Amino acid sequence: EAGVTQSPTHLIKTRGQQATLRCSPISGHTSVYWYQQALGLGLQFLLWYDEGEERNRGNFPPRFSGRQFPNYSSELNVNALELEDSALYLCASSLVVGGNTEAFFGQGTRLTVV
Amino acid sequence: GEDVEQSLFLSVREGDSSVINCTYTDSSSTYLYWYKQEPGAGLQLLTYIFSNMDMKQDQRLTVLLNKKDKHLSLRIADTQTGDSAIYFCAENAFYNQGGKLIFGQGTELSVKP
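Chains as they are written, first to last, in the working numbering: chain A, 1 to 114; chain B, 1 to 113.
Simulated from the structure, these hints should not be mistaken for lab results. Since we're looking at a predicted model, the values are computed, not measured. Some clues are possibly wrong.
[What the hints assert, rightly or not] The calculated SDA-like cross-link candidates involving lysine to any residue, where the alpha carbons are at most 20 angstroms apart (straight line), are:
1. K36(B) with F104(A)
2. K68(B) with K36(B)
3. K36(B) with G3(A)
[Stated by the list, open to error] Part of the chain B face toward chain A, derived, beta carbon under 7 angstroms:
4. F9
5. N21
6. S28
7. P39
8. G42
9. L46
10. F103
[As the list claims (entries may be wrong)] Computed footprint of chain B on chain A, listed as stretches where at least three residues anywhere in the stretch have a Cβ under 8 angstroms from a Cβ of chain B:
11. 21–31
12. 37–49
13. 66–74
14. 88–96
The beta carbon of each residue, even a glycine, is placed where N, CA and C say it ideally should be.
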């Protein structure tokens with residue numbers, strides 16, 4: 001069974017541009033999460049989507065946005081890129097059963113802003 | 001508040017046991033998780049424990065939970081060089097936080113032959 005897949009694996013953008021990152025969850029999983037892993041800042045929660053709705057959002061500016069499609073795949077959009085947006089962006093998927101968020105992660109998209 | 005703390009580095013010899021420690025602050029946490037991250041890779045879910053348990057064993061991995069002290073540990077028996085990686089603990093206080101996982105800073109495990 002395929003795991004969580006993310007594309008692209010690497011992305012280089014110029015400051016001020018927009019980036020779009022994509023995630024396909026494990027088949028049957030309805031929840032998708034996005035995390036940012038920046039050097040020195042650890043893993044920071046960005047967004048949680050479930051059944052097409054945004055359920056929770058981390059402490060990030062509105063230029064970080066996303067959506068979940070009817071097939072449960074998801075996009076993360078980052079507008080007006082800044083140098084400090086350079087990071088590994090990780091997507092995870094899960095079924096939420098009785099409070100257990102057993103999340104499985106993809107390999108990540110390495111975003112570099114120059 | 002939400003805070004998960006881990007020591008940053010651990011070095012062991014091949015064949016020894018490794019113990020990675022973690023403390024958390026959210027007393028409403030229901031599930032606690034251990035993840036492994038190898039260089040340049042995503043996070044691999046190793047195991048999890050429900051807050052009403054105090055121990056869980058899965059092959060070479062043993063998780064101990066002291067809910068009173070909000071302390072979680074991961075013991076890796078017979079540590080191998082392939083276990084060298086960064087290990088993250090994470091908590092999920094689902095009924096306060098939804099699906100959000102709060103991660104520690106990660107412990108870098110170095111296994112020397």
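Okay, the hints, checked on the actual structure:
The suggested pairing of K36(B) with F104(A) holds, with an alpha-carbon distance near 11 angstroms, which does not exceed 20 angstroms. The straight-line distance between the Cα atoms of K68(B) and K36(B) is roughly 26 angstroms, outside the 20 angstroms bound, and the hint therefore fails. With a CA separation close to 16 angstroms, the supplied pair K36(B) and G3(A) stays within the 20 angstroms bound. Checking F9(B) against chain A by beta carbon gives a least distance of about 15 angstroms; that is not within 7 angstroms, so the hint is violated.
At its closest, the beta carbon of N21(B) sits 17 angstroms from a beta carbon of chain A; the interface hint therefore is violated under the 7 angstroms criterion. The interface hint given for S28(B) is violated, since its Cβ lies 10 angstroms from the closest Cβ of chain A, which is over the 7 angstroms cut-off. Evaluation of the P39(B) hint against chain A yields a violated restraint, the C-beta minimum of about 11 angstroms exceeding 7 angstroms. Restraint check, G42(B) versus chain A: the minimum CB separation of about 4 angstroms is within 7 angstroms; hint holds.
Interface restraint check: L46(B) against chain A, minimum CB-CB distance 11 angstroms, threshold 7 angstroms, status violated. The interface hint given for F103(B) holds, since its Cβ lies 4 angstroms from the closest Cβ of chain A, which is under the 7 angstroms cut-off. Note: the region 21–31 of chain A has 1 residues with beta-carbon separation from chain B under 8 angstroms; the three-residue rule is not met and the coverage is violated. Beta-carbon proximity to chain B at under 8 angstroms applies to 4 residues in the region 37–49 of chain A; the threshold of 3 is reached and the given coverage holds.
Using a Cβ-Cβ cut-off of 8 angstroms, 0 residues of the region 66–74 of chain A lie near chain B, which falls short of the minimum of three, so the contact claim is violated. Judged by the Cβ-Cβ criterion of 8 angstroms, the region 88–96 of chain A is covered by chain B as claimed, because 4 of its residues qualify and three suffice.
Checked against the numbered hints given earlier, the structure breaks hints 2, 4, 5, 6, 7, 9, 11 and 13 and satisfies all the rest.
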